[in-house]
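Chains as they are written, first to last, in the working numbering: chain E, 939 to 1909; chain D, 703 to 1003.
To be clear, the hints were calculated from the coordinates, so they are not data collected in a lab.
Careful: at least some of the hints might be erroneous.
[Said to hold, decoys possible] Which bits of chain E does chain D cover? Going by a derived footprint, with three or more residues having C-beta under 8 Å, they are: (1) 1086-1100; (2) 1690-1702; (3) 1839-1850.
[Stated by the list, open to error] Below are the EDC-like pairs computed for lysine to aspartate or glutamate, each with C-alpha atoms no more than 16 Å apart in a straight line: (4) E:1114 with D:816; (5) E:1103 with D:816; (6) D:813 with E:1104; (7) D:866 with D:816; (8) E:1599 with E:1554; (9) D:753 with E:1565; (10) D:793 with E:1699; (11) D:753 with E:1095; (12) D:748 with E:1093; (13) D:813 with E:1699; (14) E:1111 with D:802.
[Unchecked claim] Every beta carbon over 10 Å from chain E, so not counted as near; a handful from chain D, in silico: (15) 738; (16) 746; (17) 761; (18) 814; (19) 888; (20) 925; (21) 928.
Backbone N, C-alpha and C fix where the C-beta goes; we use that ideal spot for every residue, glycine too.
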Amino acid sequence: MVLLSTSDPTGIAYVQTINLDGESNLKTRYAKQETLSKTPEKEKVNGFIKCEKPNRNIYGFQANMEIDGKRLSLGPSNIILRGCELKNTAWAIGVAVHAGRETKAMLNSSGAPSKRSRLETRMNVEIIILSIFLIALCSIVSVFAAIWLRRHRDDLDTLPFYRRKDFSEAKPKNYKYYGWGWEIFFTFLMSVIVFQIMIPISLYISMELVRVGQAYFMIRDGGMYDEASNSRFQCRALNINEDLGQIKYVFSDKTGTLTENKMEFRCASIWGVDYSGSKGDLQSEQVAHEVEVDGMIFRPKMIVRTDPELLQLAKVGRESQRGKHVYDFFLALASCNTIVPFVVDTPDPSVKLIDYQGESPDEQALAYAAAAYGFMLIERTSGHIIIDFWGEKQRFNVLGLHEFDSDRKRMSVILGCPDKSVKVFVKGADTTMFSVIDRTLNKSVIQTTEGHLHSYSSLGLRTLVVGMRELNNSEFEQWHFAFVDASTALMGRAALLRKVANNIESNLRVLGASAIEDKLQQGVPDAIESLRMADIKVWVLTGDKQETAISIGYSSKLLTSKMTQIVINSNSKESCRKSLDDAIVMAKKLTSGSIVSHNMEGSSGAVITPVGLIIDGTSLVYVLDSELEEQLFKLASMCSVVLCCRVAPLQKAGIVALVKKRTSDMTLAIGDGANDVSMIQCADVGVGISGQEGRQAVMASDFAMGQFRFLVPLLLVHGHWNYQRMGYMILYNFYRNAVFVLILFWYVLFTCFTLTTAINEWSSMLYSIIYTSVPTIVVGILDKDLSKRTLLKHPQLYGAGHRQEAYNSKLFWLTMVDTLWQSVVAFFVPLLAYWNSTIDAPSIGDLWTLAAVILVNLHLAMDVVRWTWITHAAIWGSIVATWICVVCIDAIPMMPGYWAIFHIGGTPVFWWCLLIIVIAALVPHFVVKFIYQYYFPCDIQIAREAEKFGNLRGHGAIEIEMNPILEPHQR
Amino acid sequence: MLMVAASQQPLPCPVQYHHLQGAKRVVEIVERYDAECVPDAYKSNKVAYIKNGSISKNCTKLLKVDKLMKAPIYIYYQLDNYYQNHRRYVKSRSDKQLLDGLQNNDTSSCKPEESNGGLPVVPCGLVAWSLFNDSYIFTRGAVPLKVNRKNIAWKSDRDHKFGKRVYPFNFQNGSLIGGGKLDPHIPLSDQEDLIVWMRTAALPSFRKLYGRIEEDLHPSDLITVNLTNNYNTYSFGGAKKLVLSTSSWLGGKNDFLGVFYIFVGSSCIFISLVFLLLHLKDSRPCGDATFSYWNRKNVSL
């Protein structure tokens, strides 16, 4: 929407773009001077707007407007996008240029793709293999049946057990015989029907049930309950639980995800003295500073922790030399900003809250800090500000204001003080501030301030340096003249203003530095550390400025001082390509060079320099959807950390897609705002933070939780468990169905290939419903291969999921071989034991049923790690239930197998058979398992032993884990 | 771990030996007679012989007892290569009709032996139709041996599966005779040969109980069997055998289970020994993280 006019006489509208880019601060949008005076209600406004085609770029807009014969150019600052909220502006009138699906917000949201878990996708491949098995089995049966029919083609008419001819009528005719070809075809179809349990259809149902169970336990996990927002973990998608165990890339939003999106003033260095507030920690009860004006108590909305010494100094005021500096410092904080104070009513009519609204959260934090120290900004108009200094209102004229821009990285304000002096206060990033400071003055102060800045930033705090200068009249006149000139210039206004600003912002006196904490969510650095140890790559994608992103990177321990940063900021495709090439070379040098030195120096502490890549949205525009993607991916895969700043919502999705396309690794996206929706939907697993920024992210996500740190238990504990359980469960289900089918198949070979089943139909139907299904579901929900504590202590155990240890084709084939052996034992032992005997089909069928069920359940019991009473009940209960069912079926006189179980159960051979089947069938499984666990232990096995015996050998190893490169371990 | 490995050896050796001995104690005499009972003239065309009703099917066999056979001695007939488990065959019966007789009209499952000349057949179906009808008379020396042919079928079948008031009807009246005939005055529940036959065998080589001799047979006893060789196994290359067998606690004479127990037992012992040796030679401490993946990986880097 192109703004025409707003409630503000200067045509300014304040908007919040939180739904678009996740930034919660206020942004200013301007209506064109020429349209300000128009009021569409009263008069007809004629104009013509020419604009670019709808696109996704939320930071760019190009158009022009012809109105009253004048052509005006429109830029991104003249439009309000869909999804923005007007703040502090009563009304705004504009012309909609794009509507509906063509708005930038809509173009930036991509449709929700349906997700299917990796394990399930792999499983489907294996199911195809099983289907081929099935077809092979059926074909074998049909071929043999064909051969048999061929060989006996002359006898078939009268064969006592076949008798093709029906003699009941005068002219004998064929009974149920449709010719050779058809018989083969029918045999094939019948064998498909008999063997169809080979394809575990019930597995899909059990998997759903298991996922529901797992979700229940995830939701109930107290470790993932956020007390602050009273929100439990939410499982919104039920089909990708096990993917949580295989995540390799985490894409995280910054604002609201890593950080709480609350800035907090932490410490200040004034005139070379550090007021870190650490001493003040003892006084935990901080009373908010209040001011009484006209019988009204004004209180800042946010309470800031104050340093008592500094508070004292601020109170004392300008009497002492130190106090003077403090006064100037806070005056700078309170004035040198674009904050608009906003009075909010409270339930108590005499108390008003002052809410500072402004473009940058840093400025808000500083303004609140100043207020806490008694410098309360009460009113701001374009001409003056009123600051309440300990109850004493002072009015300062704002003579000029140079706004922040990214080249200067500082802003300044020229104040006319009540005592008629004119001062310029400058606030900015340390790098640019020290270049405009008069270094000849107070060298020691500058030095100590620099020292403080360094220590602050190493704590991950965002630092700003404040400087000031008093202007004498001539200087002021000169500046004023230039300023007025520049601000009314029609051509190159910005450049002129910048020049003016640069002129005035020089030879400053350093006042001090402030440090603001962009408050991280609880436990974020630890969580990131854990994730990194688990070999999960964390990428941060943020709409923030590069500096902010980097400082957050430091404070969240994503970036460390040991890391080499590669920054890519390019404005064209060519420069982008070049910087990518350079970066790849550099990254190669850093990583490979260290390997060389590592080999040469052996264990003497060679260092791989971790590389962090920082890339901004503008560069990404050129990289995404072009051949440069490949290079970026190459580079990024060498870097241990990737920070992307100034990215648009769809670019986030683009980056996720970039990684997803090129690797088979799983990706997870976590975010909280509407701007993260497309990323959440694009990633394999989307996690939404149910934070302050609305519900869109949660609605689009697969899982939702309260805080970022819950990602650690979610992935390392639940993800690991779910993956292990589901992987085992799939294999087990393949196995248990295949065992049964193979037993049926072997029998068919002894019945002229005619699909007779000794096991009665009821049993084969109940097999996968009652006999064997409950234990696998219970184990799938409840089994825990390792305790939560161990998993959290050794994040490396997560690697099992990356290496696909619980489900891979090797395991699949191993299981199938085991299946073959077990079915052979279960079938042939009774067959040979009862060869040439009076055994009837239903009796031996019962034996096979029971053998298969006991076998399959004991097999499961052998692999269960953590027994609970439910597991016991399920496994032994299933066996008992099978017995009961078999007995019940055999008690129906109409069934051919009437009383069979009682007859066969009365003979000792039956029991000896059962015993030896179980032993002989499970011995190979046992032996292979033992060999694997003892001689080729996987991490999980070792950790389990450590858990069981609680021995301390792991201790040395933990140190190695922390610093894996410093001390390569001897094998 | 080792203890578990050792405990694999599931059963003490004596059990397996016992098994084998149990099977050994069973004394069995197996006599195949289907080929020899065909007169020389018909040796080349056995099917013609068996189908020719005018030729006497009587046949005499001599059985020599080698070892003492303690009573009861079970008499079985054994059929080889006879697929009583063929799907067409197994399905061709009506359990309802066996219990309720003619009242039950739904005998479509019995096809193609459901009715004959428009009248239903009781018992219907291929299974009953193909009833085995060889008979045996035993004499020791000159004295006839008494054969008890009662209680050869399961009591549960006699009581609940075959009707007490169901009499054979229109049975074996078709143009193709499958096997034995039944006395239409004896209810099905007392036709024990039929009941035994209709408990279809699981495997293509099977035995069915014929009767019991309730005297001991001594070594060097000579037993003459006068048999009628009625049943046609020639058309499909089957074999008929007469079996006399004592019983043991294991059931019939079958060495397989004992041998298999010994095989499994000894493999377990062997495996545990191998594990023991491996364990003594080179053991891995439990829970030692130096073996873990992440540590090994660092070495290889």
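When the hints from earlier in the document are held up against this structure, which numbers fail?
-> When the structure is compared with the hints, numbers 7, 8, 9, 13, 14 and 18 turn out to be violated.
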